[in-house]
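Asker: Chains as they are written, first to last, in our numbering: chain D, 1 to 404; chain R, 1 to 404; chain E, 1 to 404; chain V, 1 to 404.
If you are wondering where the hints come from, they were derived from the structure by calculation, not from laboratory data. Hints are supplied without guarantee of correctness; some may be wrong.
Any copy, or any two copies together, can satisfy a pair, since identical chains are not distinguished.
[As the list claims (entries may be wrong)] Think about it this way: if two alpha-carbon atoms lie no more than 27 Å apart in a straight line, the pair counts; the simulated BS3-like pairs of lysine-lysine are:
1) K329 / K312
2) K309 / K227
3) K227 / K137
4) K399 / K2
5) K329 / K399
6) K227 / K329
This one's a predicted model, so the numbers in the text were calculated from it and none came from an experiment.
Protein chains: 4
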Amino acid sequence: MKKIKKVVLAYSGGLDTSVIAKWLEDTYECEVVTFTADLGQGEEVEPARAKAEALGIKEIYIDDLREEFVRDFVFPMFRANTIYEGEYLLGTSIARPLISKRLIEIANETGADAISHGATGKGNDQVRFELGAYALKPGVQVIAPWREWDLNSREKLLAYCDEHGIEVERKKGKSPYSMDANLLHISYEGGILEDPWAEAEEDMWRWSVSPEAAPDVATYLNLTYRKGDIVAIDGEDMSPAQVLTYLNNVGGENGIGRLDIVENRYVGMKSRGCYETPGGTIMLRAHRAIESITLDREVAHLKDELMPKYAKLIYNGYWWSPEREMLQKMIDESQEPVNGEVRLKLYKGNVTVVGRRSEDSLFDESIATFEDDAGAYNQADAEGFIKLNALRLRIAANKGRKLD
Amino acid sequence: MKKIKKVVLAYSGGLDTSVIAKWLEDTYECEVVTFTADLGQGEEVEPARAKAEALGIKEIYIDDLREEFVRDFVFPMFRANTIYEGEYLLGTSIARPLISKRLIEIANETGADAISHGATGKGNDQVRFELGAYALKPGVQVIAPWREWDLNSREKLLAYCDEHGIEVERKKGKSPYSMDANLLHISYEGGILEDPWAEAEEDMWRWSVSPEAAPDVATYLNLTYRKGDIVAIDGEDMSPAQVLTYLNNVGGENGIGRLDIVENRYVGMKSRGCYETPGGTIMLRAHRAIESITLDREVAHLKDELMPKYAKLIYNGYWWSPEREMLQKMIDESQEPVNGEVRLKLYKGNVTVVGRRSEDSLFDESIATFEDDAGAYNQADAEGFIKLNALRLRIAANKGRKLD
Amino acid sequence: MKKIKKVVLAYSGGLDTSVIAKWLEDTYECEVVTFTADLGQGEEVEPARAKAEALGIKEIYIDDLREEFVRDFVFPMFRANTIYEGEYLLGTSIARPLISKRLIEIANETGADAISHGATGKGNDQVRFELGAYALKPGVQVIAPWREWDLNSREKLLAYCDEHGIEVERKKGKSPYSMDANLLHISYEGGILEDPWAEAEEDMWRWSVSPEAAPDVATYLNLTYRKGDIVAIDGEDMSPAQVLTYLNNVGGENGIGRLDIVENRYVGMKSRGCYETPGGTIMLRAHRAIESITLDREVAHLKDELMPKYAKLIYNGYWWSPEREMLQKMIDESQEPVNGEVRLKLYKGNVTVVGRRSEDSLFDESIATFEDDAGAYNQADAEGFIKLNALRLRIAANKGRKLD
Amino acid sequence: MKKIKKVVLAYSGGLDTSVIAKWLEDTYECEVVTFTADLGQGEEVEPARAKAEALGIKEIYIDDLREEFVRDFVFPMFRANTIYEGEYLLGTSIARPLISKRLIEIANETGADAISHGATGKGNDQVRFELGAYALKPGVQVIAPWREWDLNSREKLLAYCDEHGIEVERKKGKSPYSMDANLLHISYEGGILEDPWAEAEEDMWRWSVSPEAAPDVATYLNLTYRKGDIVAIDGEDMSPAQVLTYLNNVGGENGIGRLDIVENRYVGMKSRGCYETPGGTIMLRAHRAIESITLDREVAHLKDELMPKYAKLIYNGYWWSPEREMLQKMIDESQEPVNGEVRLKLYKGNVTVVGRRSEDSLFDESIATFEDDAGAYNQADAEGFIKLNALRLRIAANKGRKLD
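Looking at chain D on its own, in the form it has when it is part of the complex (with noise of 0.2 Å):
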């Protein structure tokens, strides 16, 4: 085994994580650090201090990520129109690097040797924390209780907790899903969400209403843009976690951002999971409304052909990576003129663009007119174009090569 001096844990203050501290300490007979953040998941972290001293714990961290977590994690994401296979906008995973390094920072700061969490050994979080761990101090040593112990039960933890003095709420009524929740999105598996053809119930959701229960006049938003990330809705100057938490609640209230996949997961397993996203569902489509408008046609089609790769970096855990920041060197270059703004309408459920407009546009509306265009575009120009785009083709058919 291990020879651990000091572990910081990634700790929620949840049955779980108190758990993992108690066991960590009598297994590696280390101290334990405990590290709390606020992503936004919507619970408060505060009481996680109370939580961890009752376990004996000395040194608690407790850190307010919200603005970090959007600005240098959530933003970048989303300048690339980030989505994994075709649906999933990386909710959980991009907030797990955040989580990596501050686990690290805590662990020089406090000279511990080790860090922990709280992911099983079946998912992708596990693969992700660690990624990052190592990345940002390769020397470190990682526990992962989940894959150590054969606590693999919640009976068995609550059993851990009586024979250890563990005081933790028990309540009636748990969740049967698996949750994540942070300032993107809010995530379900387990419980019948495992069988992917039986449909999610309507009491999972938490962030967002159905469309049906939405309202039923639709809420127009104007998303101002600088340098490829919204600095302003409607109108008013705001922060970058504040533009996630406006767009939450507008979203939530609209009936917007709910998901229902199944994905496939680093470790080789397919999973099913559900998600709400609402402020992200609408930043994705209102960013390439603006690219439209402000991207060179080249360059759009050189980031959506990159996209997918960049998307499996993040969900795989890779964002402390030099491929990831190799990538992302070139999305935040092409993101200078990505300016102006975005006029959407929210309607249950319904994210659309009804309006873009830039100071940075390339639409130059007198070459694109169906009207008369006095000249802008020459017409017996396209004939060359085309006959020299095609003299490859002709000149294969003229030699017999058939096409199916």
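Take the given structure of chain D and dock chains R, E and V to it, following the hints.
Answerer: Only chains R, E and V this time, still in chain D's reference frame:
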């Protein structure tokens, strides 16, 4: 000027192509063959016969191509989950290669040495028509009147009719939009849409009700897939065109498939377009859902990485090219196991996947479960997996390499 | 410890795998089946029979797989112009999937529940063997002794032989390199090569003379291609293995095919390797030459863009995967017209293409000529071609967009 | 006809561009400014002044652009390991954007409203010149006399000279090839090369001796890299143009850098070209070698996957485009750690890397070693790594999915 003996004209029966028919005869002193296709645009094609006869046309082709269109063009394209620039479902693009093919077949049957069409010199359609024609008959002459004549307004066209005794309906309240329709979609360009900031007017849309006007109760659908194509709806076998017709109807009734975008044309300009693609919008979502349980992860990712290129080929007019066929071969190969059922909920503009199942499913509940998996998956394997994936990152960090 | 009944061992007859055979019996108390393949490594395989018998093995498989190796693995790979990291011709990588396939076939024939191999825990070969085995027989057990035992030096292996009465040749002057050979190449790792600054010594190389020692007169070769594969040399029909054997001989005599690189292993480390691939080096160059006149430009470019991914799949051990097969389908499709002849000059390490011709050539002298082309190509078309390709750049510049 | 006031002509001083200068004045009744650049083509540029003066030109620009050419164009391109269609080092392509840039700068300085060049209507160079010009000055007029006039043979050009009193040297034994040279390469097209089966004649080649004629003793070189560029040779600091000049000399003496290919032009035809690129051939190999020890694996692979696209951009003339700049940003970012030394052996056409070292090396001997690594690498990790990478393949096989 080119010497032309006989020309096959893509003829709609409307003002523009009626003028073109006459203009071709006069300008090139050649015979004109008309070709009118039913691609599901929703207008009768038979009336075109009388109009062509009135123009003195002797060889008149009127074809119902709806099944061929969906079976050989729309369905193969949807196997690739094709979207251009993140939004556009390629409704116009995918119809052009079929028209090119028939124009050339008719040219071969009638001994014509030229083809002609009514597309302007600014758009993509001229490129699509002509690339297809050249690829299939490399020596064909192409006449694109809009690039040659000076009849560049509706007024001049009407004056030409008067002068040459062409009878046309002079509708009052003609639509201010340039429109194109086929079984996959209807498109709108021009008019107030030339200002990308202006919201499209509700009375522009023809195929779908607005989400606001859609029923207050959701509609559920069951789609059955075989090799990536829909072969039955709610248990009833349907032909490809029947499938798309059905989905257009139910989609349109539920306010599904409206799109408002600025896109990048192949000829180099940006243009604003609005589209209604009710059935296609449903098909895209459902196809991803059936693939999500039946495709291998890496196959799915490879498809996703190549999709933008495939979409660009179709958008730019390279359906009839060896590179498109090469990609299609690969895509079709991937669809062998894409069999099963998808259950959808349609409600006021929303298409939600609520279930998917397949005898070819790769979803393995015994492995994915949050419950005890009886050893199907060894969580300890994850440690080695992560450690080796992290190795290059750790070596780099150990050597002093910094991440930003 | 796993319970094993019978194990099929990839057996070379050398020290390591002889020890493994004995160690498997002792450790797992299981039957051992040996499998020895002639892949063109240049050593007799028949002697392995007597050695296996001396170890008490009852089921002994010795196969000549040279034709299958070249026909079904080497040739398909060369259709893709495969190179890993710009340099490596994948000589080791491409032999592994065939060995995996035979191990599993033999396991099925003999009722074995496990396979074993002599690859170390640091290299790529373990990955290639095992991924193939798992893909072909998902329930198979894999025993990789080098990852389990503590016999981690030649001395310990020899001591084990003494202890267990295993007779092995104790060659003096054993090569200081770790080597692997098959009909495509021979490789060298370890020894002084572990210092990437150290030049490989001349006496390391076994298959080729140095360019300095090669003949002073060039050798000319004529290769005939059918569907991308070489089917005749200098007019003489040859089987795949004959082709490669012939090219190895003539290439090696002319000092062709040495390579000295640092490569990135799948397991995460960099390693230095030297390779001799005389025939493969010739084939790569010649295949590009025959493709240069027979492939459509966009087909060729698509192949080039996908090649690095295809090479990585093979390097990493994913020959037996649906994504490799999907790519192969596309590549093979592209090779239909790759027929004709290539003329090469071999001289002291250089492979020079001096001519290529084909009845499927797309080279059109009448168009390409600098002389008068009698109107085959209309130079005026170029203006429109350039103007429209420049349009987006001009619009951007007109709008004030700056290039660096 | 376009109205032109003043035109800047890319002027070599030879027959063609001398005729063009006169023809422009006569045809467009405009002033002509000549621009002659020393790009290292190996001919004096100063004589062009007297020739231009003799033609009555008043504004004459003669620039030595060698350093700028190598520093800002050749070196950035080699950072990407650029090769077009697997063979071509883009020697012609990379010089064009610099000429475009200077033409436009001079047009701006002299108040010219047009540029002109001597490239034909069949080739790539017209595209490269003009795309660059339009991107940098969107309103510029471009005159391409070869696409306009009927002087389509040497005889007609000479007759034009006689008629207009233009003095030109009438060399006997003029080269039968169309040639282009700059510090990166010299190219040959036309003549007997128009038959792709015909071997190039030895006396065609001008910059390199044949491998047969090269010295019998190898030359060793030491190249020092900083951020991906060569900054010293054999310990001596050199400027970019000095580096390339030196490598051309030593490469040419050793028979290095000849190439004979059929390539696909952007205008749609295949053409046969021969090239001598002695220094570039050395640089490509050496750059890959220094990257092999300093680049992260995934960064290197990403570069390799994007390289064909980058090469195509340069070949097709899109140096001055936002997409090329976006890719360049990413490539340059990757080169920060590409520092160190490469040792090469040059011998009769062969460039062999014999050593590479760097303070930024990621090669970790302690991990890569075949000897005991003292626990630096845990071989047991490989099992989990393989097991999880195999998981999707095993699930598929368990579900009955077959591989071919």
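Asker: How would you classify K329 and K399 at a CA-CA limit of 27 Å: within, between, both, or neither?
Answerer: Close across copies (23 Å), not inside one copy (46 Å); limit 27 Å.
Asker: When no copy is specified for K329 and K312, does a C-alpha distance of 27 Å or less occur within a copy, between copies, both, or neither?
Answerer: both (17 Å within a copy, 22 Å between copies)
Asker: Regarding K227 and K329, is the shortest C-alpha distance of 27 Å or less found within a copy, between copies, in both, or in neither?
Answerer: both (13 Å within a copy, 17 Å between copies)
Asker: At most 27 Å between C-alpha atoms: does K399 with K2 qualify within a copy, between copies, both, or neither?
Answerer: This pair counts as between: shortest inter-copy Cα distance 24 Å, intra-copy 70 Å.
Asker: Taking 27 Å as the upper bound on the Cα-Cα distance, should K309 and K227 be classified as within, between, both, or neither?
Answerer: both (22 Å within a copy, 26 Å between copies)
Asker: Could you figure out if K227 and K137 sit no more than 27 Å apart (CA to CA) within one copy, between two copies, both or neither?
Answerer: Between copies, since 25 Å is at most 27 Å while 32 Å is not.
Comparing the model with each earlier hint shows no violations; every hint is respected.
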